Structures are given as C-alpha cells and as structure tokens.
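In the order they appear, the protein sequences are chains X and L.
Going by full-length UniProt numbering, the first residue of the first sequence is number 1, and it counts up by one from there.
Going by full-length UniProt numbering, the first residue of the second sequence is number 1, and it counts up by one from there.
Hints were generated in silico from the structure; no laboratory data involved.
Computed from a predicted model, the values in this text were never measured in an experiment.
Incorrect hints may have been included.
Below, in silico cross-link-like pairs of lysine-lysine (DSSO-like), each with a Cα-Cα straight-line distance of 27 Å or less [claimed, not checked]:
| no. | chain 1 | residue 1 | chain 2 | residue 2 |
| --- | --- | --- | --- | --- |
| 1 | X | 5 | L | 216 |
| 2 | X | 5 | L | 277 |
| 3 | X | 310 | X | 270 |
| 4 | L | 188 | X | 270 |
| 5 | L | 259 | L | 216 |
Chain X is faced by these chain L residues, among others (derived, beta-carbon under 7 Å) [what the hints assert, rightly or not]:
| no. | residue |
| --- | --- |
| 6 | 51 |
| 7 | 52 |
| 8 | 72 |
| 9 | 75 |
| 10 | 80 |
| 11 | 88 |
| 12 | 206 |
| 13 | 209 |
| 14 | 248 |
| 15 | 252 |
| 16 | 263 |
| 17 | 265 |
| 18 | 292 |
| 19 | 294 |
| 20 | 295 |
| 21 | 298 |
Computed beta-carbon distance windows for the label pairs [said to hold, decoys possible]:
| no. | chain 1 | residue 1 | chain 2 | residue 2 | range |
| --- | --- | --- | --- | --- | --- |
| 22 | L | 282 | X | 35 | 57 to 65 Å |
| 23 | X | 82 | L | 44 | 28 to 36 Å |
| 24 | X | 68 | L | 84 | 18 to 26 Å |
| 25 | X | 249 | L | 102 | 57 to 65 Å |
| 26 | L | 275 | X | 102 | 48 to 56 Å |
C-beta: ideal position from N, C-alpha, C; glycine also.
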Amino acid sequence: MAPLKHLEMENSIIDACFRDFCASHGILTVEDFLLHDLYELAAFAEREANADRLKEGITVMLSLIEVKCRPLLNGMELLEDLQRNKHTLSSGDNGADSLLQGGLREGQLTELVGPSSSGKTQFCMQASASVAEKQDGRVFYIDTGNSFCARRIAQFICGSSDAAALRKRVLSRISCHTVYDIYTMFDTLQGLEVALRSQVQMNVNEYRLRLLVVDSISSLITPILGGSGSQGRALMVALGYLLKKLAHEHNIAVLVTNHTVGAGESGKTKPALGETWKSIPHVRLMLSRDHRNSNCTISILKHTSMPSGKTVRTITRKDNQQCL
Amino acid sequence: METSRLPLSSSIRGKLISAGYTSLSSISSVSSTDLARDVKITESEAFEILKMANQISGSSSCNGRSSSLVNGARNAWDMLNEEEALPRITTSCSDLDKILGGGISCRDVTEIGGVPGIGKTQIGIQLSVNVQIPREFGGLGGKAIYIDTEGSFMVERALQIAQACVEDMEEYTGYMHKHFKASQVQMKPRDILENIFYFRVCSYTEQIALVNHLDKFISENKDVKVVIVDSITFHFRQDFDDLAQRTRVLSEMALKFMKLAKKFSLAVVLLNQVTTKYTEGSFQLALALGDSWSHSCTNRVILYWNGDERYAYIDKSPSLPSASASYTVTGRGLRNSSSSSKRVKMM
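Chain X on its own, in the form it takes in the complex (with noise of 0.2 Å):
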C-alpha cells in the first residue's frame, strides 16, 4: 500500500507533523489509515497543540479516499453497460452458441475443462479466427504449450471471397504470446492492461480487443499448488481476478482451459485444481470426446444465468480438419 508521504505532493497539509502524530498510533500507510478507529484518532488528535491542522488533516485524507472510491451504478446503469458492451462473441461452433445462447460473454471469464486430446485447444483456436473474422476484434492468444498453429487457425476461417487477403487480415488481428511459468505470466497481463488502458487514453479507434485466451491456465499453476504453503494458491486466485478485473473493465471475454484429474477410485474424472479456483470463472464448460466414435459433447458445469447438466453434440474437429 501506498505510504502518506506520497500524498504530500498533492496535498501540502498531510506534512511531516501529520505523518509523525499518523506514525505515533501505528499508521504509516494509506491501508493502516483505513483500517484505524477514526473517532478515537480525532480525539487523540483534540489533545494535542496543533489539534486544528490535524482534523483539517484528517478530513482532507477522508475525502481523498472518497475520491478514490469505485464510483456508483445502479441496476438501469448496469442493465445499459450489459446491452451497450457486453456482447456475446460467437465462438464459431453452432453447438456452443446454441447452449451458451449466443457465445462467450465479453466482461466474463469462461473456462474450458476436459482430458486430453478432447478439443479445448480446437475450441480455442476456433473461437479466435471466429472473433477476428466476424467481429473484427483482435485476440491475445496466451500459449504455455506451443499448441498455438497459425495454419490451423487459417483453417477455421471460412470467408470465400478472396481468401487470401482475408486470411491476412484476420491472422494479423490475432497476437500470440508463449508463457512458461507464472510470474512471466503476470508481467504480461500486466502490460497488456497499461497496453489497453493506455490505447482508451489515446482514443485509439483500430480493432479493440475483445478475446483474451489462455491455453492452458493449469498447466501454470500446477507446478506451484500443493505442498505445504499456501503461497501458490495465493497466486492463482491473484491471477483470477486480474482476469476477471482485465475481463470486466475492458470488455474483453476471457476464455481459459483447464485439464481434468481422476476423483477417486470409480475412474471418473474432476477439474484440476480444486475448490478454490472453482469460484473463479463465471462459466464452466466441460469437454468430452469419446474416442471409439469420436462424437464431442460440451455441458454445462457452471453458468451464471442458466441451469447446469445441458449438453450439446459438436462437431467434431479432428474429423472436420480435413476438408477445411
């Protein structure tokens, strides 16, 4: 948290003297500040010889925080930032528009479960060449398993006037980055968020960016969960809600894949990474290839606004690859 000094620049009464009464009842940051008994630092501050300049201090601090505020929305505002901002992104696959009614939500994070070799990474790739092509935003592709394949992606497109300037035009829409641990990681969210905030700044009016993917979010935070400390949870929910926060004030959907882990003895299979990521995503599909017919079937895990056990048959992509 930030320390009182830096508040000295801005606001010339939060002085030395202040910071030394502030710092002889334990407060030294803006967070101690808040967490104080305030009536109890105003009469201490009665006592003392310059009492008016420290109240003066004190309410000066308040309303600073007041400023700092998250500022106030009603439902109707809400309702209208839903309709205005938040649109549903098509992901490519009729299946999963029809169970999602629509796609993927931006401002939401949706997550991808399945074993391996059931189509997550397929979903992934197919939902960026649908966003770059039919809603001209552009897509960060987060890669840890160098499964990002560019001619994959130009399979998926299927515009037929005049493919090739369209295939250029959409793959340069889509940016990959590759991440092998997870500090990387947050350093590149980190920069994409000062990427974005500043491009808002400058009313920059090219393609924004409306799907952020992670393929795959589990295998970052494997290698760190367990053990004894608690320190790798501590870092994976961090970086859940940097999604959820890039997601909700850029309007971006978030899509990200997890894999599975047997539960149990019965050979059934669960979500990795347990109960406390479980709250995280706003949207939780699982993905299912059965390999003796290879039918796909997405269901629904988890859904903010619909019921959980619906299942859809998808086309299934290993086959489709072909005659792209």
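Position chain L relative to chain X; hints supplied.
Below, chain L alone, put in the same frame as chain X:
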C-alpha cells in the same frame, strides 16, 4: 542508456536514472504506482512514462509496426509464414511422416509411447541419426541430445542405422547425379555418432538437474535440433511416494521442455511407457504418468501392435488430424511396412 531515448524533461530523466531505471525493460516491468513511488513523481506522470516506454520498446521489436499489444507477442500472420518454413525431422518411414505432416516438427514437444518392444528406442535412435542429414538432402544438419534413463541406448545399433543412412544418401546422390552435380556425401557414420550427445541419467534428481542444465548446454552447442528423452517415465515410476509432488515436478519439467523447444526451435521427443488404467469397469492400456501429464506435451503418438504389424496412432495434436500408419523396424532402421515401397524418400 536507453532511458535517454525517451522524450522526457531533463529533470524527470535525471530522477529516473538516479533511481536506477536505466533501461526500457526496467521501466516497463514495474507498475505506474511503484514507479511514481521510486522516482518521486506523480502517478499520472509515471503512467505517461510507462506508456512511452512500452510504445518504444514495442515498436523497436517489430520494425516500427505497432501491431502487437504487448512486448514479445507475435502476430498470427507472421507465425503462419514462419510455420510453413519450419523444418521437420523425417522418421525414415514415409507413411509415418505422412501422418505427422512431414516428420517430427521442431518447436513442439512430441510424446511417443507404447508397450515394451514396440520400437520406442528405435525411433529415438533413428531420429538422433536423421536430424543430422545435411540440408542438401532435405535434412536439418543438426545435432542430437540423447538422454538415456533406462540404459537402453545401443551404440552398435546407432552405428548400424547411421551406416544405413549414409548408404541411402549415397544412393540418392548417385540417382540424382545425372540432373545436377551434387556433392559427394561427405558424412561418415563416425561423424554421425560424434554428433549424438549422450547423457546417462540414473535418478530423478539427476534428470531434473540435467533438464535445468540443458538451456546452457544448448546455447553453447548451437546446432542441437532434437532432444530425445528415453524414457521420461522410468525414474518417476518408482522413487516417488508423494504423487502430488510428482505431478508438480513433472509439470514444471514439461514447461521447461516447452521453453527449450520454442527458444532454440528444436524438437523435443519424450518416450513414455504404458500402464494399465481402470476406466468404466475394465482395465485398459494407457500411457504412464497419469492424466495431468497427458496435457504436458503438444503432440502425442501411441505405438501399438495390430496383429503382427506395428502401428503408430496420433492421439493428440493441435494441428494434425488423428490418423494411424504402420511401420516396421528393420536392420537398417525404421521403414515402411509394405514391401512395395522400400526406398526412403529424402526430399
């Protein structure tokens, strides 16, 4: 002193440099709040500086185009062009090459698994020889690292395969001689063996240490184009009591292999054993190390017997359709199984 390139007032620039922010990367890696605190400027000023630093370092990395949002991010269009030029390592079996899209692809981590005796080690040796086929013959002209955990690498066998490979190249030169003056095959089987860097690993601690060391080793030996681990599983199947820890260690190792593959544009081939897995009331064969591990590789190839014939099946790949092909292991190495097409195509 990169900071001096930023269009800033001299007082702020002085403050930045005296606070230790001399390079652009040092600036762009901190948040604006921290920068403001360290340099004693207002947060909005710090934000402006960050923005400039990001713009400049972004534009210098991609030749003046401001197409990427974040440093290091690549555009899919550029990647497409690059992917098409990416070399692949042939397996000497054209049917297998066909389903692999031309061979084992560089920049990927490919896992190959199967029952004992199916030919995993043979594929490993074959690849460590084939990666050295010179560029004139459609190869990579690289070197190989062979990490042996089981002690199954047979040097006589490697020599045999190397001799066969040189003979094939000579035959190919003789065949092409009429069309253009191809140089004589300079390569000797001995040279091939010299360029296989062999590590024998006797415990999982050694294995982890070696994987951590590989980055340095490959920077010193630039031409390494394939890393073969035979097998990734061996030490991890016995010495571990804590399975959760095993998963953590393995997934970290997998990420390191990914990083190597990307950084040096080389192929990583992990050989894996099989185990039985209890699903839906019956025991089935599956690759070892469990569900979490199955996500750790880019491509997964499963080798199996079909009657008397050996088959390879692509179980997982982001870019290839699932398909299977048969192959045989001959005295000369891996070859097509059908007797009709004995000749190895090296183009």
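Taking the hints in turn, this is what the structure says about them:
1. 5/X to 216/L: violated, 46 Å
2. 5/X to 277/L: violated, 62 Å
3. 310/X to 270/X: Measuring from Cα to Cα gives roughly 17 Å; hence the hint holds.
4. 188/L to 270/X: At roughly 54 Å apart (the allowed maximum being 27 Å), residue 270/X and residue 188/L break the hint.
5. 259/L to 216/L: holds, 13 Å
6. 51: holds, 4 Å
7. 52: violated, 9 Å
8. 72: holds, 6 Å
9. 75: holds, 5 Å
10. 80: Holds: closest Cβ of chain X sits about 4 Å from residue 80/L, inside 7 Å.
11. 88: violated, 13 Å
12. 206: violated, 19 Å
13. 209: Not OK, violated: residue 209/L not within 7 Å of chain X, min 17 Å.
14. 248: Holds: closest Cβ of chain X sits about 5 Å from residue 248/L, inside 7 Å.
15. 252: This hint holds: residue 252/L lies near chain X, its Cβ roughly 4 Å from the closest one there, short of 7 Å.
16. 263: Violated: closest Cβ of chain X sits about 9 Å from residue 263/L, beyond 7 Å.
17. 265: violated, 11 Å
18. 292: Nearest chain X Cβ about 6 Å off; hint holds.
19. 294: holds, 4 Å
20. 295: holds, 4 Å
21. 298: holds, 5 Å
22. 282/L to 35/X: 57 to 65 Å: With Cβ atoms ~59 Å apart, the hint holds.
23. 82/X to 44/L: 28 to 36 Å: holds, 30 Å
24. 68/X to 84/L: 18 to 26 Å: violated, 51 Å
25. 249/X to 102/L: 57 to 65 Å: Given about 44 Å between the Cβ atoms, the range is violated.
26. 275/L to 102/X: 48 to 56 Å: violated, 43 Å
Going through the hint list in order, the structure does not satisfy hints 1, 2, 4, 7, 11, 12, 13, 16, 17, 24, 25 and 26.
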